[in-house]
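Colleague: Below are the chains, spelled out letter by letter.
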Amino acid sequence: MRRPRLLYIPFWATLVFLYAPIVVLVAMSFNSGESAYTFEGFSLKWYGVLAGNERVLDGLVNTLIVAAGSTVLATVLGTLLAVGLARHTRSRTLDAVALMPAVLPDLVLAIGLLMFYGLVQFTLGVTSVILSHAVFSMAFVAAVVRTRLTGADPSLEEASRDLGAGPVTTFVRVTLPQLAPGIVAGALLAFTLSLDEFVIAFFTIGNLEQTLPIVIYSMIRFGVEPQINALGTLLLLVSFTAVIIGQRMTRIGEARAQD
Amino acid sequence: MKAQPAARPVSTSRGRHRLGAFVFLAPGLTYLLVLVLVPLALVLSFTFFQRGRFGGVIYEFTTENFARLVDPLYLGVVGTSLKIAALATLIALVLGYPTAYLIAQLPRKWKTAALIAIVLPFWTNFIIRMYAWIILLNGPGLVNSGFELFGLGPYELLYNQGAIVVGLLYSYLPLMVLPLYAAIEKLDPQLREASANLGASGFTTFRRVTLPLTLPGVLTGSMFVFVPSFANFVIPEMLGGGKTLMVGNLIRNEFLKARDWPFGSTLAMALVAVLLLLLLAQAWAARRA
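Protein sequence lines, in the order shown, are assigned to chains A and B.
Just so you know, we're using UniProt numbering here: the first sequence kicks off at 1 and counts up by one.
Just so you know, we're using UniProt numbering here: the second sequence kicks off at 1 and counts up by one.
One should not assume that every hint holds.
Result set (SDA-like, lysine to any residue): computed pairs, CA atoms no more than 25 Å apart in a straight line [as the list claims (entries may be wrong)]:
1) B:K257 to B:T62
2) B:K109 to A:L7
3) B:K109 to A:Y19
4) B:K83 to B:K243
5) B:K257 to A:G206
6) B:K111 to B:F122
7) B:K109 to A:I9
Keep in mind that the hints were calculated from the coordinates and are not lab data.
Here the structure is a predicted model, which means the values were calculated and not measured.
Here chain A stands alone, though its shape is the one from the complex (with noise of 0.2 Å):
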């Protein structure tokens, strides 16, 4: 087919625009000046500030707990929640039900949140942020899981009930396996969607403690610290490698399921 050359103009300029903040960041986070704007030299002395910040660091603790603890949550339930809704009912709104944390602003879902937490009285802090992370994940999850689904032979599962296992052992002996895969994608999915995630954090979390993403706005609330540079590297080398280990996942995946 022909590829218009005028188009290489919009795809460069995409690329040129998505990448160069990031070139940028990078750069500055090997800079031996405080200033945040111009390059005076390589240094590593950022990464020493930031390892010394035991904000960050609390910080990036909390955010690890809690984006282990919902994904583990998301991928349980989420992954549950596939096979039921993809084996077990035709319902059509349940479906919607399921993807409605995807769709929904996630400032609706994080005010709901705080309304019921203050309504039930459960004290805010790292565990209602992984129940939360967890509502949205789980929606993830299950829209990763049930593409897997409708790529599985379903006659397998049938197969094995009609040799007399029950819905638990079909699910953990035949259904499990195949959706491997899936599931890691979606736990990837979930545990990178946690990292990352502000504002449902930022009125969910109480006073008291803080994830990563509400130190490094307050941080930028005060101004622009060299230090940042060096932790969003860091963030950018984390998140890239999961991204890039899921994708590897996944077609590994597809291509022991095409043997």
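Got chain A; can you put chain B on it based on the hints?
Modeller: Frame of chain A, contents of chain B only:
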């Protein structure tokens, strides 16, 4: 009664099926009921309550929250939000359509690489990405240094509505490119060849064949960019310097500063209503396309 061998397995399998449905559906749906539907019902119910004098709520029925919605002050904020979100969506479309079109024509290997390249920045911390733009757009920042080379500027690029649009565009552009790519990819290339064979110019083919057939993708992508842009409150604060209020800022302020939860809830529900209307309009337009 004589057992009917044929009927027995059917009934047990049905019983099992119902048990299976319960085992799989109950945990997730209960979770969603408690932590999505109940909170939403709370927000909805608060729209009818009164605000306490020192924050808090008086549980008495009122419709005054809705009356306050049409205050010109708030309508102005809605207008600004609409304008900014629409501008971000439009630029995303103008930049995203040709990009998606080109990616769809690339050889398979490059296609995947290009798609990953488009989505990758999306996976880094949102606050960090906005911070990177503060560095770029600031007075002595790189963009102004670029202008200086041509003897221009420096310009005040940060803390205005333009900076908000840039931030929104940066945050949600991949959400425009992906559905467009999916729609263009699905398109049968023979249709375009037929149009060209019948003597249509490249532009006519695009206007009469490609664009109408990819319209559902255009609508989906536009919704994906518009919805989070319209409700955003972080970008107007970080890149807009807090000078421009959008609906999201208003809701945040009512909840965390003014502590007027009933009116904050009413604004949130109005937001959801606007988005629902847009979704319905989109579904209607997609059916017609």
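Colleague: With reference to the structure, classify each hint as holding or not holding.
Modeller: Hints and how they fare:
1. B:K257 to B:T62: Satisfied, since the Cα-Cα distance of roughly 22 Å is no more than 25 Å.
2. B:K109 to A:L7: Answer holds: B:K109 to A:L7 is near 19 Å, not above 25 Å.
3. B:K109 to A:Y19: holds, 21 Å
4. B:K83 to B:K243: Roughly 15 Å between the alpha carbons, so the hint for B:K83 and B:K243 holds.
5. B:K257 to A:G206: Measuring from Cα to Cα gives roughly 14 Å; hence the hint holds.
6. B:K111 to B:F122: The hint holds at about 18 Å.
7. B:K109 to A:I9: holds, 21 Å
Comparing the model with each numbered hint stated earlier shows that all of them hold.
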